[in-house]
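In case you want the letters, here they are:
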Amino acid sequence: MKPTDTSNPDYFHKVVDCQWGCPAHTDVPAYIRMIAQGRFSDAYMENRKSNVFPGILGRVCDRPCEPACRRGRVEEKPVAICRLKRVAADHRDDIRDRLPRAPDNSNGKKIALIGAGCASLTVANDLRPLGYDVTIFEALDTTGGLMRTNIPQFRLPPKVLDEEIDYILDMGVDLKLNHRIESLKALLDDGFDAVFVGTGAPRGKNLEIPGRYDSDRIHIGIDWLESIAFEHTKSVGKNVLIIGVGNTAMDCCRSSLRLGAENVKVMARKPRGFFKASDWELQDAEEEEVEILVNHSPREFVIEDGKLVGMRFELMEYNVDEKGRIDRGTVTGEKFIPCDDVVLAIGQDNAFPWIERNIGIEFNEWDCPVVDETTMMCTRKGVFFGGDSAFGPKNIIWAVEHGHQAAISIHKHCHDKDIEDRLPMGLNLASQKMGMHEWSFSNDYNPAARRLMPHVDLKQRFKKLNIEVELGFTVEQTIEEVERCLNCDMQTVFTEKLCIECDACVDICPVNCLTITDNGEESELRTRLSAPADNHEQTLYVSAGLPQTSRVMVKDEDLCVHCSLCAERCPTGAWDMQKSTILIPYASDEASDEQPTTAAGGSGA
Amino acid sequence: MTYIAKPRVSHPGLPKNELGLTSRDYEGAVSTLCAGCGHDSVTAAIIQAVFELNVEPHMLAKMSGIGCSSKTPAYFVSQSHGFNSVHGRMPSVTTGANAGNRDLMYIGVSGDGDSLSIGVGQFVHAIRRNLNMCYVIENNGVYGLTKGQFSASADIGSLPKKGMPNQQEPIDPVSTALSLGATYIARSFSGDKEQLVPLLKGALLHSGFSLVDIISPCVTFNDHEGSTKSYAHTREFYHHVVNIDYVHPSEEIKAAYAEGEAMPIHLHGGDTIVLRKVDEGYDPTSRASAFKFLRDRFNAGEITTGLLYVNESREEMHELMHNADTPLSKLKFEDLNPGAAELEKLQRRFR
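Protein chains in written order, with my numbering: chain A, 11 to 615; chain B, 22 to 372.
Derived by calculation from the structure, the hints in this document are not laboratory data. Mixed in with the good hints, there may be bad ones.
So the derived label-pair ranges between C-beta atoms look like this [said to hold, decoys possible]:
#1 H546(A) / L352(B): 40 to 46 Å
#2 H260(B) / P13(A): 27 to 33 Å
#3 H546(A) / N75(B): 30 to 36 Å
Small disclaimer: the values here were computed from a predicted structure and weren't measured. Where a beta carbon is used, it is the ideal one built from N, C-alpha and C, also for glycine.
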């Protein structure tokens, strides 16, 4: 193999699995260390820089960081990253004077943002401090989009939403509520310099089977959640069936229990392991004694005397091949299940009836606009998309990242610069050695198991619709959980010319990730390492030829626990622990025409 | 030295031996030697060897004297027996232990100071007795614990970090052992585990005295230019003559070893090692030619390594003395001490 090119910021970024896995690339280890030091406000600001809504995301993020977490490979359970984010948010001081501020004078550029959800709000957050005049058009009479209408209050209290949205609105955003945009063409004619569409994926999928329109007790999941949020729906029947087993289904079944349902069943077409819902949302629903029935495919709604009495399902059987793929299944029987209400939670679609098809915006085969994945611009110059409206339903953290990227594009577009010519990511590396055996971070491995989120008592929580179920980590839990973080941003950096091949690092490594051996092709080299290197998604860090024998140092990044022992046992300092800070360009960096050089992260002594 | 303990967490894919243990289960305390010390690599090689040999930790006894080398038994196989004896007296203490319990596997870890100066008398007599043990010398040419004075194994002309070059003739433990009739003699290098681990396995299984002299650089006092026991010097003048492979009793000896270049040697316990000649001109079964070869190579400045001499036909101490097969420690008191009448009978035979 060729020596690893660590000058490419992606190399060390990838080692920080959580940060790499996060669409917005939040510097997770840095903020966890700040929490460990009790610097909650700093941790909050570090989060806010990249993900804008730490309090919201600390409760309801999809957490792509957690399945990526190295701890989950070394042991079973990843660090409770999302819970710790909430700790930072819950314990922060008033941070309003640390927020970016809009300048007194406008730069004269007018931007229209359609929809007051997380994507548009992120664009506003990035552009207001640069002096843009930002107008948000929102169809409903409140902000937050799906965060407010589709996430039940027992998971995301309105106070949390309001605080973080107000941080942005208070920068001086012109918010037009109850202002549905019926025609994009008309808006474009209003003289905005750029338009950003952040209207989400607002259409819940329907289930066209017999009986669908013969009862008013069959609800579309996201619409039903919205009517609960606005208190239009205040009750539900005793027996409720939820069709679908994604995260919306979990919100629907748990909401039902709070509206008076006594018997809630989630009906899944496929077996466990093929559910769309996140594991933790499934667990939370099952803790509330929601029953999940697998292998039931809806066949018809059963209506008697004009009243919904139940549903008939086909019982399914599936074959799963050795690669884990499931077939279409065969029907083995039929079953009737009585119910009073049915909620359909089988997915969402984008819908753009208000975008004219003759204004230069190209639509693809799914009737969605064609959007560039980097610039977020559609085929008409000056019109940008983000969040679920760009590429279909994703999640909040993706919407935030779309917002950041769209803000960069909008800034460049408004200044007649090439929107493709964007600042690259940068990398800072700084040694963390403080003394003979002293590092600037806590390098001792804490074998503690993942802490569990304490919940409000089962009986208590159903009394009202808006009792937040998760209580947040206690001090003791926080202290333990922060130490579970392996500090993967404390990179093991190797300087081959210093190596005397004494094997000290190889011998001390607790997870056998180091080998000194003859070089070879990667597939063959992987078979000759100190321990099996079977995770091909994780890279090998290969040195140039070593001075004494021309062999190479190989590090399998997969399971490194960043304990620093290789660097401590190295007599010549060939190994060093250096903190990598990934420098992520935002619109403000593009505006200053400089590579970002400061990172609120820092090392964290 | 390191302040944090080596984390107990390990690679989930780590291989297990026949006892269901991983190599991590054979570790000891974290080393307090200087970072980069060759001795730590020897420790790692010993761990690997006993792991691969499926040694039950409680059937291993690790013995040592005084010195950097003699600290190392604390760093491997925590669950075994151990004795850290007086300076240079490890061979006697091992003799006593072995006399008492012949069932244990004995590994003595010593250094060039412990074995070739203060303990040289002990060393040579353990060889004479053909004591059944694996005797490891971690040989770095200096007294590390007392800040780097030359030891008895320092080569003529070797430079210290500061001061005058060494003028005295070195004692070569390999030639010494060869002249005294040791039955398994090997030399290796801490920086070459590929060679060292099989040599240690052979030495642990060999019946009788086995010497493994390991060049183990002192990274603090003897790893500079002008030193003949540095990492760089050893690598430059390293000369393999015979490497070995250990063959597990359940494995068949592969036909891949062509006649002449590979030679299986059956050990007493049923194990087999296969010698692989790297230098055609070397015969590890002939004391006379080995002696000449080593001398010639030494004069040419080369460091000859590998399995240098092996002789499975000589009896070890217990066999020479016709001792009971049962370890003395397991005999009943009445059998060990048959009483005054029996003693009287015995003494009468010698009058």
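Structure-based check of each hint:
Hint check: H546(A) to L352(B), Cβ distance near 59 Å, so the stated range 40 to 46 Å is violated. Checked against the given bound of 27 to 33 Å, the beta carbons of H260(B) and P13(A), roughly 30 Å apart, stay inside it. At about 32 Å, the CB distance of H546(A) to N75(B) agrees with the hint of 30 to 36 Å.
Checked against the numbered hints given earlier, this structure breaks only hint 1.
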